[in-house]
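S.K.: As a plain string of letters, each chain reads:
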Amino acid sequence: MLKKIILLPLLSLTFLFAINEANIKSEMEHKIQTITEILQNKSLTLEDKKVQIAPTVDTIFDYKTMSKISLGKRWKTLTSSEQETFSQKFETKLKNSYFEKLELYTDQKVIVNESEKVKATRIYLHSDIVGVEETYEVIYKFYNVKNSNDWRIYDVEITGVSIIQTYRKQFAEFLQTKSFDELLASL
Amino acid sequence: MRHITLIFILFFLINGCASKKTTLSQASKSNTVITSEDDEFGDEFGDETAEVFDPLEGYNRVMTNINDKVYIYAFNPLSEGYAFIVPQPARKGISNAFHNLKFPIRFVNNLLQFKIDSSIKELGRFMINSTVGIAGLFDVAKAGGIEPQEEDFGQTLGYYGVGSGFPIVLPFLGPSNLRDTIGFAADVAIAPTTNASLKYQIPDNTEKSLGLSSAYYLNKNSLHPGKYENLKKDAIDVYTFFRDSYEQKRLKEIEE
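Chains as they are written, first to last, in the working numbering: chain A, 36 to 222; chain B, 2 to 257.
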């Protein structure tokens with residue numbers, strides 16, 4: 036009985052963070068709105084903005100999976116602690132990179148379009164950033180976490196360029212001539 | 002910064018050489034199954050260790066470096082100065098006018114790909130923007146819901162199955178490949194801003210043509226401040242980063 040009382044609120048907490056298939060579009064619209072407001076708040080410093088945006092982004096970006104995909108075959112050859120170190124560094128790099136891109140397009144309008152179910156376990160959420168000269172398509176790719184209703188982002192594609200694919204190829208090329216430790220140092 | 006191309010015999014020859022190593026487009030899109038049971042993303046992202054056929058790599062790396070210095074020490078500061086003097090609405094107008102002028106390129110290439118609907122849209126855009134939009138200064142058609150249908154000869158070649166060949170980094174213009182460089186040359190040949198023999202072409206000598214091109218690129222760059230540096234930050238190896246990003250982008254553009 037006691038276990039159930041404790042488990043119930045904990046379970047509801049996880050549902051707070053989980054995005055269901057039906058919610059993807061509305062959740063993303065909400066998140067983008069929140070992020071845009073933070074970015075356009077002139078009274079905050081850059082660091083403040085980064086800190087404030089982080090929670091919104093962390094709940095749906097699956098950094099661990101992104102780390103795994105970006106290292107490809109190499110991932111399995113690493114020890115647990117190497118994987119952990121890499122994930123943390125990669126997460127920081129991704130967050131900084133994403134934040135810098137957001138910053139560049141702060142004043143531009145973001146339009147969330149349709150969510151497209153490409154496979155049973157994959158949904159692409161299409162959005163547009165209306166830039167000065169042209170409109171950029173940004174696709175957030177969600178996958179269904181096994182044995183749950185949770186959907187998380189594993190890749191972002193900006194004007195046809197997949198961020199994770201780009202890192203995947205770069206890491207592979209880097210590791211052909213250099214060591215894993217050197218890769219960690221460069222992140 | 003956006004940059005944007007003998008032919009079939011050359012293509013077949015190149016693809017013959019490329020048979021041992023995969024071309025960039027194949028590497029990006031390959032459905033090679035990675036042999037691990039829990040790697041559910043392997044199919045989607047393909048074989049990351051596939052080698053890219055890059056015979057000009059040495060030259061490409063040097064040119065990437067040169068371009069980088071030119072952008073950072075010359076072109077970007079110049080664009081910033083220009084942006085400081087010329088207000089953004091004016092620069093937007095200039096951008097619109099240049100974009101409008103490139104109508105023949107978009108129109109012809111949409112037709113060549115049998116995108117009739119898009120060709121008609123482009124024609125409509127050109128007519129509206131050239132008249133109501135005052136020589137293209139205002140993109141009235143876009144406000145009316147008619148979006149540009151971006152096509153070029155590189156994409157047309159891609160549509161007909163011509164592979165990218167191999168990467169070539171063009172001076173100043175940045176990453177490209179064999180097919181797109183040929184495509185670019187074809188586009189330039191029919192562009193109104195080129196000095197050639199077609200009746201609608203504006204400049205009457207090469208200097209004026211170069212002047213127009215310079216103005217176009219300067220104006221364009223001024224509308225995208227900080228973009229190049231921002232993009233570069235994601236790179237661990239600047240050359241391969243730009244090369245692969247470029248190929249991904251082109252693949253997507255050809256598919257559409």
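Treat the hints with care, since some could be wrong.
Claimed, not checked - Some chain A residues near chain B, calculated using beta-carbon distances under 7 Å:
#: 1; residue: 133
#: 2; residue: 168
#: 3; residue: 207
#: 4; residue: 208
#: 5; residue: 212
#: 6; residue: 213
#: 7; residue: 220
#: 8; residue: 221
Since the hints were derived computationally from the structure, they do not count as laboratory data. Where is the CB? At the ideal position from N, CA and C, for every residue including glycine.
S.K.: The structure should be examined with respect to each hint, and the outcome stated for every one.
M.R.: Hints and how they fare:
no.: 1; hint: 133; in the structure: 10 Å, violated
no.: 2; hint: 168; in the structure: 5 Å, holds
no.: 3; hint: 207; in the structure: 4 Å, holds
no.: 4; hint: 208; in the structure: 5 Å, holds
no.: 5; hint: 212; in the structure: 10 Å, violated
no.: 6; hint: 213; in the structure: 10 Å, violated
no.: 7; hint: 220; in the structure: 11 Å, violated
no.: 8; hint: 221; in the structure: 6 Å, holds
The earlier numbered hints that this structure contradicts are 1, 5, 6, 7.
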